[in-house]
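2 protein chains.
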Amino acid sequence: MDVIPLHLGVSHFHTPAVAVMAMQEAVGRHNTYYGPNEGLPELRYALAQRYLEDENAPVPAEQILITHGAKHAIHLYLQSLLHPGDEVVALAPYWFAFPELIRQSGGKLVTVPANPEEGYAINLEDLRQKITPDTKLLILTNPGNPTGKVYSLAELQQVAHLLEEFPNLHLLSDEIYDGLAYQGRVNSFLHFEHLRDRVAVVNGFSKSFAMSGWRIGYLIAPFDILHKATELQLKLISGVSPFLQAGAAAATQHRHQIWQHFRTDLDTRRQLVIQELEQMPKLKFTVPDAGYYFTLQVDDCLQPKDPASPFQLVEEWAAALKDQVGLEVLCGTKMGMPTAVRMSFALPEEVLESALLRLKAFAS
Amino acid sequence: MDVIPLHLGVSHFHTPAVAVMAMQEAVGRHNTYYGPNEGLPELRYALAQRYLEDENAPVPAEQILITHGAKHAIHLYLQSLLHPGDEVVALAPYWFAFPELIRQSGGKLVTVPANPEEGYAINLEDLRQKITPDTKLLILTNPGNPTGKVYSLAELQQVAHLLEEFPNLHLLSDEIYDGLAYQGRVNSFLHFEHLRDRVAVVNGFSKSFAMSGWRIGYLIAPFDILHKATELQLKLISGVSPFLQAGAAAATQHRHQIWQHFRTDLDTRRQLVIQELEQMPKLKFTVPDAGYYFTLQVDDCLQPKDPASPFQLVEEWAAALKDQVGLEVLCGTKMGMPTAVRMSFALPEEVLESALLRLKAFAS
Numbered sequence: 000m001d002v003i004p005l006h007l008g009v010s011h012f013h014t015p016a017v018a019v020m021a022m023q024e025a026v027g028r029h030n031t032y033y034g035p036n037e038g039l040p041e042l043r044y045a046l047a048q049r050y051l052e053d054e055n056a057p058v059p060a061e062q063i064l065i066t067h068g069a070k071h072a073i074h075l076y077l078q079s080l081l082h083p084g085d086e087v088v089a090l091a092p093y094w095f096a097f098p099e100l101i102r103q104s105g106g107k108l109v110t111v112p113a114n115p116e117e118g119y120a121i122n123l124e125d126l127r128q129k130i131t132p133d134t135k136l137l138i139l140t141n142p143g144n145p146t147g148k149v150y151s152l153a154e155l156q157q158v159a160h161l162l163e164e165f166p167n168l169h170l171l172s173d174e175i176y177d178g179l180a181y182q183g184r185v186n187s188f189l190h191f192e193h194l195r196d197r198v199a200v201v202n203g204f205s206k207s208f209a210m211s212g213w214r215i216g217y218l219i220a221p222f223d224i225l226h227k228a229t230e231l232q233l234k235l236i237s238g239v240s241p242f243l244q245a246g247a248a249a250a251t252q253h254r255h256q257i258w259q260h261f262r263t264d265l266d267t268r269r270q271l272v273i274q275e276l277e278q279m280p281k282l283k284f285t286v287p288d289a290g291y292y293f294t295l296q297v298d299d300c301l302q303p304k305d306p307a308s309p310f311q312l313v314e315e316w317a318a319a320l321k322d323q324v325g326l327e328v329l330c331g332t333k334m335g336m337p338t339a340v341r342m343s344f345a346l347p348e349e350v351l352e353s354a355l356l357r358l359k360a361f362a363s
Numbered sequence: 000m001d002v003i004p005l006h007l008g009v010s011h012f013h014t015p016a017v018a019v020m021a022m023q024e025a026v027g028r029h030n031t032y033y034g035p036n037e038g039l040p041e042l043r044y045a046l047a048q049r050y051l052e053d054e055n056a057p058v059p060a061e062q063i064l065i066t067h068g069a070k071h072a073i074h075l076y077l078q079s080l081l082h083p084g085d086e087v088v089a090l091a092p093y094w095f096a097f098p099e100l101i102r103q104s105g106g107k108l109v110t111v112p113a114n115p116e117e118g119y120a121i122n123l124e125d126l127r128q129k130i131t132p133d134t135k136l137l138i139l140t141n142p143g144n145p146t147g148k149v150y151s152l153a154e155l156q157q158v159a160h161l162l163e164e165f166p167n168l169h170l171l172s173d174e175i176y177d178g179l180a181y182q183g184r185v186n187s188f189l190h191f192e193h194l195r196d197r198v199a200v201v202n203g204f205s206k207s208f209a210m211s212g213w214r215i216g217y218l219i220a221p222f223d224i225l226h227k228a229t230e231l232q233l234k235l236i237s238g239v240s241p242f243l244q245a246g247a248a249a250a251t252q253h254r255h256q257i258w259q260h261f262r263t264d265l266d267t268r269r270q271l272v273i274q275e276l277e278q279m280p281k282l283k284f285t286v287p288d289a290g291y292y293f294t295l296q297v298d299d300c301l302q303p304k305d306p307a308s309p310f311q312l313v314e315e316w317a318a319a320l321k322d323q324v325g326l327e328v329l330c331g332t333k334m335g336m337p338t339a340v341r342m343s344f345a346l347p348e349e350v351l352e353s354a355l356l357r358l359k360a361f362a363s
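Protein sequence lines, in the order shown, are assigned to chains A and B. For the record, in the first sequence the residue sitting at position 284 is 283 according to numbering that gives the first Met the number 0, with numbers rising by one throughout. For the record, in the second sequence the residue sitting at position 35 is 34 according to numbering that gives the first Met the number 0, with numbers rising by one throughout.
Hints listed in this document are in silico derivations from the structure and should not be mistaken for laboratory results. Treat the hints with caution; some may be incorrect.
What the hints assert, rightly or not - In silico DSS-like cross-links for lysine-lysine, where the CA-CA straight-line distance does not exceed 25 Å:
id : chain 1 : residue 1 : chain 2 : residue 2
1  : A       : Lys227    : A       : Lys135
2  : A       : Lys359    : A       : Lys304
3  : A       : Lys234    : B       : Lys227
4  : A       : Lys281    : A       : Lys359
5  : B       : Lys304    : A       : Lys107
6  : A       : Lys107    : A       : Lys135
7  : B       : Lys234    : A       : Lys135
8  : B       : Lys227    : A       : Lys333
9  : B       : Lys281    : B       : Lys359
10 : B       : Lys234    : A       : Lys234
11 : B       : Lys321    : B       : Lys283
12 : A       : Lys107    : B       : Lys321
13 : B       : Lys227    : B       : Lys283
14 : B       : Lys135    : A       : Lys234
15 : B       : Lys107    : A       : Lys227
16 : B       : Lys107    : B       : Lys227
17 : B       : Lys234    : A       : Lys333
18 : B       : Lys333    : A       : Lys234
19 : B       : Lys283    : B       : Lys304
20 : A       : Lys321    : A       : Lys333
21 : A       : Lys283    : A       : Lys304
22 : B       : Lys281    : B       : Lys333
23 : B       : Lys359    : B       : Lys304
24 : A       : Lys321    : A       : Lys359
25 : B       : Lys129    : B       : Lys333
26 : B       : Lys135    : B       : Lys227
27 : A       : Lys333    : A       : Lys107
28 : B       : Lys234    : A       : Lys227
29 : B       : Lys359    : B       : Lys321
30 : A       : Lys321    : A       : Lys283
31 : B       : Lys135    : B       : Lys333
32 : B       : Lys281    : B       : Lys234
33 : B       : Lys107    : A       : Lys234
34 : B       : Lys321    : B       : Lys304
35 : B       : Lys333    : A       : Lys227
36 : A       : Lys135    : A       : Lys333
Can you build the whole structure from these sequences, using the hints too?
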């Protein structure tokens with residue numbers, strides 16, 4: 000049986016044509032030599048302009064480091080910030096790559112659960128209790144991956160107050176799905192200017208711009224940390240392809256049209272998934288505010304909740320889903336949600352419809 | 000005064016048109032999504048085919064990891080091989096990035112001088128004496144950077160014998176300038192099949208293919224080390240842009256025409272530099288076998304050899320060269336040659352002619 004890949008972090012959209020054209024134009028101008036390690040000025044200025052226009056947040060272009068994707072930006076940031084033994088607090092569920100990225104930089108991940116029953120809201124009291132003298136960093140993923148949760152300005156304000164309470168605590172805000180929010184707006188943590196000496200933002204073009212294969216991300220960080228990250232990029236790898244960055248700059252300039260198109264298309268799919276999932280009572284879900292994942296709680300399909308189930312672990316359930324109906328999903332075990340799976344809905348319409356029929360056949 | 004950049008490691012050639020066309024064709028097929036972490040099969044197979052055809056060295060495509068440039072390949076290799084305190088032996092002069100790459104992986108660089116008076120030949124006895132129980136790795140750069148030295152098969156054979164003497168010693172052969180050898184042939188260390196469990200080769204497209212801004216390199220290494228490097232790339236950065244790799248694959252297939260063209264062009268320039276340098280008796284040089292650098296020994300222009308000279312350090316000489324006649328060169332201090340500089344001759348003809356006139360005015 001063919002397997003429909005619902006586990007991937009990639010959408011069905013093509014790279015925006017404006018990005019391809021600008022890239023080709025740069026190649027035509029022979030901008031194929033080494034670019035500046037810190038990034039192409041036209042991309043750094045386009046991004047600075049973006050935060051000024053959309054967030055009213057002044058960010059100097061010099062504070063933006065262009066990296067080989069957002070994962071690389073996070074790695075450079077953690078390498079520049081953490082010392083062995085430092086604790087890093089993150090809400091669970093979290094992006095599956097974080098534990099290893101933190102471990103590689105000598106840090107120790109401490110998680111605070113956010114529950115689907117409460118819409119993955121931040122439990123500030125729980126968070127506060129996990130902060131110790133060894134806590135160096137708090138990681139926020141906004142919009143959430145896998146949850147699709149977008150934090151309100153009021154919620155972010157509470158986190159900002161927490162940072163004020165703990166003057167040595169840094170914050171990393173991973174905002175890579177920010178163009179795909181169905182209400183059209185994600186508040187960047189850059190909003191809190193008075194905390195800018197302890198706040199970093201990571202972002203990139205893979206998700207909101209459907210440019211996953213372009214490998215372009217960026218880091219906005221306090222200057223001392225940014226300088227270390229920039230040095231590290233120079234020493235260990237060098238900067239990003241300048242002609243690809245020209246494409247990313249054009250995409251940034253056309254972001255509103257691109258995002259409008261992506262969101263409208265994705266929202267139709269999101270509504271279809273909601274409509275179908277409502278007919279599968281054993282799968283609990285929350286409606287994502289952004290991005291293209293649903294997080295499905297499958298504990299009603301597992302022992303002990305369902306004594307008749309052949310499955311104890313979510314991995315067994317997911318393996319049967321793949322074997323029996325050809326659907327591959329991502330198990331939540333590595334994302335801090337041990338009885339849930341992540342499924343993407345960024346698929347061509349007929350493929351998504353087929354996937355939902357298969358899911359219903361399996362889980363009803 | 001305008002400054003002519005003789006310090007850069009980049010040639011005046013445009014990226015080969017076949018690479019650009021293949022890349023654009025891949026973008027047209029929307030190959031703009033995440034590619035495989037280990038590399039695009041068509042590039043890995045093209046490279047395997049290349050070593051089979053050119054070196055008669057069978058390398059499975061599965062043993063080739065595509066990385067974000069050769070520097071990144073070296074970093075992944077060293078991270079996968081070295082433990083803190085391991086010693087790494089290299090001939091001096093060496094590529095300026097090696098000391099920091101080794102340091103970042105916890106290793107300690109130990110150098111063995113190779114002298115211009117002896118054509119930068121390997122002094123095997125000196126090399127043998129530097130090998131201790133802590134020596135994990137020997138680094139060979141062939142063709143040499145900055146020296147342009149190409150080792151004969153007989154010389155490489157001697158190094159192979161040394162490896163047989165020390166059964167725990169690994170070897171990394173950096174062969175990134177291998178397409179630019181004026182005799183048309185560089186022997187890869189992959190030739191020695193019986194040592195393949197301890198030999199790694201790093202290479203890339205920046206130099207021999209004039210694709211510096213594409214950021215594509217590769218690592219061929221023993222499987223256990225390669226697997227660690229591949230895991231590390233996945234965890235910390237993810238794989239290289241697939242559509243760029245399509246361009247690199249096409250360049251590999253057309254390598255003989257590309258290299259023929261580059262070498263013919265560069266050789267004309269090399270002859271011009273030789274002719275001019277012969278009229279500057281205070282600058283000693285060797286004729287490079289490959290690549291586009293001359294290494295100039297400037298000790299005759301410094302104190303104490305020239306008591307009338309205002310300069311003690313090569314940095315002072317190079318600063319005056321830039322200030323007085325607008326030539327920027329790379330000081331050898333960070334390359335293990337404290338009284339020499341590296342100058343590139345991969346420049347448009349009229350620029351190179353102007354540079355040589357300026358050099359003669361300064362150094363005569």
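Hint numbers not upheld by this structure, sorted from lowest to highest:
Hints 5, 12, 13, 32 not satisfied by this model.
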